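Listed here are the chains, written in short residue letters.
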Amino acid sequence: MSTGTGEVDAATVAELHQLYGRQSHFIDGGDTSGWAQTFTDDGEFHSPSYPEPVAGTDALIAFAERFHAAARAANEVHRHVITNLAIDEPGEGAATVRAYLQIVATSIGGESRLVRMTTFTDRVVRVGDRWRIARRDVRRDDAQ
Amino acid sequence: MSTGTGEVDAATVAELHQLYGRQSHFIDGGDTSGWAQTFTDDGEFHSPSYPEPVAGTDALIAFAERFHAAARAANEVHRHVITNLAIDEPGEGAATVRAYLQIVATSIGGESRLVRMTTFTDRVVRVGDRWRIARRDVRRDDAQ
Amino acid sequence: MSTGTGEVDAATVAELHQLYGRQSHFIDGGDTSGWAQTFTDDGEFHSPSYPEPVAGTDALIAFAERFHAAARAANEVHRHVITNLAIDEPGEGAATVRAYLQIVATSIGGESRLVRMTTFTDRVVRVGDRWRIARRDVRRDDAQ
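The listed protein sequences derive, respectively, from chains A, B and C. To convert, note that position 92 of the first sequence is 92 in full-length UniProt numbering; the numbers rise steadily by one, no gaps. To convert, note that position 25 of the second sequence is 25 in full-length UniProt numbering; the numbers rise steadily by one, no gaps. To convert, note that position 95 of the third sequence is 95 in full-length UniProt numbering; the numbers rise steadily by one, no gaps.
So here's chain A without its partners, still in its complex pose:
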């Protein structure tokens, strides 16, 4: 539908904005299964913040549970603030999405702070009537 510089159709833009709009609410709110299902069944999450990639629904759920438990143990609420979505659609039913992702933490009864600035590049695929993430690669700005 589009090359790297061409336009992506409006329906795809809307659907992917919805995917990313919803995704952070899942993990930040503790809906770990909902978060895992934004990935494909064998979806992969690669981040330098963690020792090894996470792959597959069960492992993604366990990863999200650890993330959410760590925030609770620190008496904090963590938010994944996603901005600057850039969608490129090299083929039918597959797209690349790049975005900025800020981690913001708030202490219960205390202050909010920007913990980390990262970017990610996702390969997304259409599965049935939904877009799902086949692979995410996170890059930390402090590590470049």
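Misleading hints may appear alongside valid ones.
Said to hold, decoys possible - Anything over 12 angstroms on all C-beta distances counts as not near chain A; from chain C, calculated:
1. D41
2. D42
3. S47
4. T57
5. P90
6. G91
7. E92
8. G93
9. A94
10. F120
11. V138
12. R139
13. D142
14. A143
Claimed, not checked - With the C-beta cut set under 8 angstroms, the calculated list includes, among others, these residues of chain B facing chain A:
15. N84
16. L85
17. R98
18. Y100
19. D141
Stated by the list, open to error - Have a look at the derived ranges for each label pair, beta carbon to beta carbon:
20. G30/A with H46/B: 14 to 24 angstroms
21. G93/B with T57/C: 38 to 48 angstroms
22. P48/A with I108/B: 32 to 42 angstroms
23. T121/C with S49/A: 33 to 43 angstroms
24. G128/C with T57/B: 41 to 51 angstroms
25. A73/C with S107/A: 27 to 37 angstroms
26. D137/C with A73/B: 23 to 33 angstroms
By construction, these hints were calculated from the structure, which means they are not laboratory data. Keep in mind the model is a prediction, meaning the values are calculated, not measured. Backbone N, C-alpha and C fix where the C-beta goes; we use that ideal spot for every residue, glycine too.
Use these hints to put chains B and C onto chain A, whose structure you have.
Relative to chain A, chains B and C alone:
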């Protein structure tokens, strides 16, 4: 048009992104009437940051005027940074919108800082050719 | 298609969200030519952070190269976080876009911080099958 997990049509996504894109410019820029009119005539604003709910256009205008005046009195500019829109449309002409809302304050001649991380859940309804907010519930991350 | 308060069509909203989604990746990632081409050939960039306006593709490329080089020299990665897009379309093939723009800097091996909160107003025009920025005016919150 959609269930809680299904897709919302592209026109609705675009219209609601426009509503939220515009809304903060109104209150942050001092267009208090414009901000009040993003709510329905009897729209309600519920926030733990304020002692009681605000309901109806006149009260919403007065609320926005107090907000803007307080920022000016502090020699600051305040911004409502809205991200992570998640739209669910349970029925025709009605939708639920969740989002992240950061309050960023800048001192004139000074620094910018993240004042507060909040989320909100809005019930929005279509009135004529516009979406308007029937009820907003704000949640503060420091209060969970 | 729309007045200042009316709705802009979904295709235009999607295309402009894509323009702004992509734009920051260009300058922050060092693709200075890509960034310059988000402006028209004689596009203008006006910002109080710089002594004079920048106009035309060659000057925009040189400006972006200085921006990127300054960040590298400071051993930092800079990000232009764009939110709160408000699109108004006064005529066919021309629109006004307002947005919030945060500059976030991260030291390599160090912390991330909010450097500056700004807003901008762009006049955009449709050139062929693409929207491009004819003129950007940046406003700094610390200067109001």
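We went through each hint and held it up to the structure:
{"no.": "1", "hint": "D41", "result": "16 angstroms, holds"}
{"no.": "2", "hint": "D42", "result": "20 angstroms, holds"}
{"no.": "3", "hint": "S47", "result": "19 angstroms, holds"}
{"no.": "4", "hint": "T57", "result": "15 angstroms, holds"}
{"no.": "5", "hint": "P90", "result": "21 angstroms, holds"}
{"no.": "6", "hint": "G91", "result": "20 angstroms, holds"}
{"no.": "7", "hint": "E92", "result": "17 angstroms, holds"}
{"no.": "8", "hint": "G93", "result": "15 angstroms, holds"}
{"no.": "9", "hint": "A94", "result": "17 angstroms, holds"}
{"no.": "10", "hint": "F120", "result": "14 angstroms, holds"}
{"no.": "11", "hint": "V138", "result": "17 angstroms, holds"}
{"no.": "12", "hint": "R139", "result": "19 angstroms, holds"}
{"no.": "13", "hint": "D142", "result": "18 angstroms, holds"}
{"no.": "14", "hint": "A143", "result": "23 angstroms, holds"}
{"no.": "15", "hint": "N84", "result": "5 angstroms, holds"}
{"no.": "16", "hint": "L85", "result": "5 angstroms, holds"}
{"no.": "17", "hint": "R98", "result": "6 angstroms, holds"}
{"no.": "18", "hint": "Y100", "result": "6 angstroms, holds"}
{"no.": "19", "hint": "D141", "result": "4 angstroms, holds"}
{"no.": "20", "hint": "G30/A with H46/B: 14 to 24 angstroms", "result": "22 angstroms, holds"}
{"no.": "21", "hint": "G93/B with T57/C: 38 to 48 angstroms", "result": "46 angstroms, holds"}
{"no.": "22", "hint": "P48/A with I108/B: 32 to 42 angstroms", "result": "39 angstroms, holds"}
{"no.": "23", "hint": "T121/C with S49/A: 33 to 43 angstroms", "result": "37 angstroms, holds"}
{"no.": "24", "hint": "G128/C with T57/B: 41 to 51 angstroms", "result": "44 angstroms, holds"}
{"no.": "25", "hint": "A73/C with S107/A: 27 to 37 angstroms", "result": "35 angstroms, holds"}
{"no.": "26", "hint": "D137/C with A73/B: 23 to 33 angstroms", "result": "27 angstroms, holds"}
Figure legend: structure checked against the earlier numbered hints; every hint is met.
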